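There are 2 protein chains.
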Amino acid sequence: METVTTISDIRKAVAKAKSDGKTIGLVPTMGALHAGHLSLIEAAKTKCDFIVVSIFVNPTQFGPTEDLDKYPRDFETDQAMCKKTGADIIFAPTDKEMYPIQNLTWVTVEKITENLCGKSRPQHFRGVTTVCTKLFNIVQPDLAYFGQKDAQQAIVIQRMVADMNMPLEIVVCPIIREPDGLAMSSRNKYLTNDQRTDACLLYKALIECEKMVSNGQRNTNTIRTIMLDVLGRSKNITPQYISFVDCQTLKNIEVIESKALVAIAANLGKTRLIDNIIVDAGI
Amino acid sequence: METVTTISDIRKAVAKAKSDGKTIGLVPTMGALHAGHLSLIEAAKTKCDFIVVSIFVNPTQFGPTEDLDKYPRDFETDQAMCKKTGADIIFAPTDKEMYPIQNLTWVTVEKITENLCGKSRPQHFRGVTTVCTKLFNIVQPDLAYFGQKDAQQAIVIQRMVADMNMPLEIVVCPIIREPDGLAMSSRNKYLTNDQRTDACLLYKALIECEKMVSNGQRNTNTIRTIMLDVLGRSKNITPQYISFVDCQTLKNIEVIESKALVAIAANLGKTRLIDNIIVDAGI
Numbered sequence: 001m002e003t004v005t006t007i008s009d010i011r012k013a014v015a016k017a018k019s020d021g022k023t024i025g026l027v028p029t030m031g032a033l034h035a036g037h038l039s040l041i042e043a044a045k046t047k048c049d050f051i052v053v054s055i056f057v058n059p060t061q062f063g064p065t066e067d068l069d070k071y072p073r074d075f076e077t078d079q080a081m082c083k084k085t086g087a088d089i090i091f092a093p094t095d096k097e098m099y100p101i102q103n104l105t106w107v108t109v110e111k112i113t114e115n116l117c118g119k120s121r122p123q124h125f126r127g128v129t130t131v132c133t134k135l136f137n138i139v140q141p142d143l144a145y146f147g148q149k150d151a152q153q154a155i156v157i158q159r160m161v162a163d164m165n166m167p168l169e170i171v172v173c174p175i176i177r178e179p180d181g182l183a184m185s186s187r188n189k190y191l192t193n194d195q196r197t198d199a200c201l202l203y204k205a206l207i208e209c210e211k212m213v214s215n216g217q218r219n220t221n222t223i224r225t226i227m228l229d230v231l232g233r234s235k236n237i238t239p240q241y242i243s244f245v246d247c248q249t250l251k252n253i254e255v256i257e258s259k260a261l262v263a264i265a266a267n268l269g270k271t272r273l274i275d276n277i278i279v280d281a282g283i
Numbered sequence: 001m002e003t004v005t006t007i008s009d010i011r012k013a014v015a016k017a018k019s020d021g022k023t024i025g026l027v028p029t030m031g032a033l034h035a036g037h038l039s040l041i042e043a044a045k046t047k048c049d050f051i052v053v054s055i056f057v058n059p060t061q062f063g064p065t066e067d068l069d070k071y072p073r074d075f076e077t078d079q080a081m082c083k084k085t086g087a088d089i090i091f092a093p094t095d096k097e098m099y100p101i102q103n104l105t106w107v108t109v110e111k112i113t114e115n116l117c118g119k120s121r122p123q124h125f126r127g128v129t130t131v132c133t134k135l136f137n138i139v140q141p142d143l144a145y146f147g148q149k150d151a152q153q154a155i156v157i158q159r160m161v162a163d164m165n166m167p168l169e170i171v172v173c174p175i176i177r178e179p180d181g182l183a184m185s186s187r188n189k190y191l192t193n194d195q196r197t198d199a200c201l202l203y204k205a206l207i208e209c210e211k212m213v214s215n216g217q218r219n220t221n222t223i224r225t226i227m228l229d230v231l232g233r234s235k236n237i238t239p240q241y242i243s244f245v246d247c248q249t250l251k252n253i254e255v256i257e258s259k260a261l262v263a264i265a266a267n268l269g270k271t272r273l274i275d276n277i278i279v280d281a282g283i
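Protein chains in written order, with the working numbering: chain A, 1 to 283; chain B, 1 to 283.
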């Protein structure tokens, strides 16, 4: 498995693979890989013949007070994991390679970026959609793989691809969880032992929600109260939001009538974690 | 020469041409073709084997008080001109084909869209960059051709392509002029006979500027005053701006030290015309 750091080299490698008739899959990551990322590579292997994993901690999606500098970086471990899982090439550009001059061009998605994480991270999705546009234009994949863990990101990227007629397909893969239910995240590394023990309460709250919906509860305020009780079992957890939203528009839902995305964000100390499930009252 | 109206059909035609090893050229237009557009097709013929002319009056680049509804449309004449000049295919989508659902995604270029036409047409360039992104993603050309007549547009598109790593080359072609110097424009059709006679004063003012610079004048305020005198020969002309700007940053220049873009916008009745030249004090 090769690693390249320049746009020119990744383009050459992809052009070669395309000329051999191969289907190109892209797994965009910020490194610090875990089983969630590896499941995206595994999913790519089922449809693609040449799998590019990009590793780039994109500065434009971090706010000024966020964790850009301390974001976990362990390139050699990432490399070994990609190789073992069956990626064909890693594209690991520098900041200078991706943003050689002041970036003046931004891709923004309106409305669906305003709720959930968009409320507290105002420029985050602009950074994500801009860097994904760049990566799609650089790698020119047939398919690109994203995790359901970042549910709003996946919905925003899918809408961007549709609106801009980008010539690729987005595949969204299920959340991979630790044995106690905690959703895999590179940021789990920040947690102290105590925080790590309590972090599974986010998932427990989502499971509680699922139970209530399957028992016929439709009122999101009632459900939220119970979910807050679950999170309240730990003093380490400061909930940021528990939201019930439409899966396409991401508008808030008062009463669950069919499918709904139930999304949680919470702080454990300085670490911000998110998780979500989709519930379906129509079943 | 074929005409297609759907994204699916133009993609099929381009994919076929690419599989035959052809280089794809795109000439994006809003129709009402004139010799300026045809010069873009001619330029494309020198480097491309398969030339797509898109004809789409893009609603998102018109302001609410602008001329979207009365913008000249003459599809049969456009078709005949494309065929005669040697285009291979016309892509003429409907509004519904290009914007099937509410468009939430926008490509914006900061700073260089704020001066010149950006001042009076605040959302114009956002519409242009967004529709060009869509057209580039739909057609996937190797080269795309734009006219120097819309100098700011050409600079903005080039910057967008560079910033977003779009996999194509932008070619900017010289302004084509009527015998009296008036820059070719679809909007010239709006002019009354009197206005048409006076419209060449925009170019005469630019020529006057060129003379002054070659005679050593470097002060843009002095030059602007003389240029306003030229435009002032007609009561039909209401100047909107005469600007001297850097060719990359589009920032205003007080004293011309090397290359400068000299751009004019003026109203003749309700018709807004633009023109420009590049002067070089360094020669």
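If you are wondering where the hints come from, they were derived from the structure by calculation, not from laboratory data.
It is possible that part of the hints are untrue.
Note that identical chains are pooled: a pair holds if it fits in a single copy or bridges any two copies.
List time: in silico DSSO-like cross-link candidates among lysine-lysine, alpha-carbon distance up to 27 Å [to be verified]:
| # | residue 1 | residue 2 |
| --- | --- | --- |
| 1 | Lys-111 | Lys-96 |
| 2 | Lys-96 | Lys-251 |
| 3 | Lys-18 | Lys-47 |
| 4 | Lys-149 | Lys-12 |
| 5 | Lys-84 | Lys-189 |
| 6 | Lys-18 | Lys-111 |
| 7 | Lys-211 | Lys-16 |
| 8 | Lys-83 | Lys-204 |
| 9 | Lys-251 | Lys-47 |
| 10 | Lys-259 | Lys-18 |
| 11 | Lys-270 | Lys-12 |
| 12 | Lys-12 | Lys-119 |
| 13 | Lys-119 | Lys-45 |
| 14 | Lys-47 | Lys-12 |
| 15 | Lys-16 | Lys-47 |
| 16 | Lys-70 | Lys-189 |
| 17 | Lys-12 | Lys-22 |
Owing to the predicted nature of the structure, the values given are computational and were not obtained by experimental measurement.
Can you tell me if Lys-12 and Lys-22 fall within 27 Å by alpha carbon in one copy, between copies, both or neither?
Both: 14 Å inside a chain and 19 Å across chains, each within 27 Å.
Lys-270 and Lys-12: within-copy, between-copy, both or neither at 27 Å Cα
Neither way: Lys-270 and Lys-12 sit 42 Å apart in one copy and 51 Å across, limit 27 Å.
| message | Reference check for the pair Lys-211 and Lys-16, CA-CA at most 27 Å: within, between, both, or neither? | response | neither (51 Å within a copy, 53 Å between copies)
Given identical chains, is Lys-84 near Lys-189, meaning Cα to Cα at most 27 Å, within a copy, between copies, both, or neither?
within (22 Å within a copy, 65 Å between copies)
Quiz prompt | Alpha-carbon proximity between Lys-119 and Lys-45, which holds within one copy, between copies, both or neither at 27 Å | solution = Neither way: Lys-119 and Lys-45 sit 36 Å apart in one copy and 50 Å across, limit 27 Å.
27 Å Cα threshold - placement of Lys-12 relative to Lys-47: both (21 Å within a copy, 22 Å between copies)
| request: Measure nothing new, just compare the shortest in-copy and cross-copy C-alpha distances for Lys-18 and Lys-111 to 27 Å and report within, between, both or neither. | output: Intra 36 Å, inter 37 Å, cutoff 27 Å: neither.
>> If the cut is 27 Å between Cα atoms, do Lys-70 and Lys-189 qualify within a copy, between copies, both or neither?
In response: within (11 Å within a copy, 60 Å between copies)
**Item:** Intra/inter-copy verdict for Lys-83 and Lys-204 if alpha-carbon distance must be at most 27 Å
**Value:** neither (34 Å within a copy, 66 Å between copies)
Give the relationship of Lys-259 and Lys-18 under a CA distance limit of 27 Å: within one copy only, between copies only, both, or neither. neither (39 Å within a copy, 42 Å between copies)
How do Lys-18 and Lys-47 come out at 27 Å by Cα distance, when the copy is not named: within, between, both, or neither?
Cα proximity of Lys-18 and Lys-47: in one copy and across copies (14 Å, 23 Å).
Between Lys-111 and Lys-96, at a C-alpha cutoff of 27 Å, which is it: within one copy, between copies, both, or neither? Classified as between; 21 Å across copies, 31 Å inside a copy.
Violated hints for the displayed structure, listed by number in ascending order: 4, 6, 7, 8, 9, 10, 11, 12, 13.
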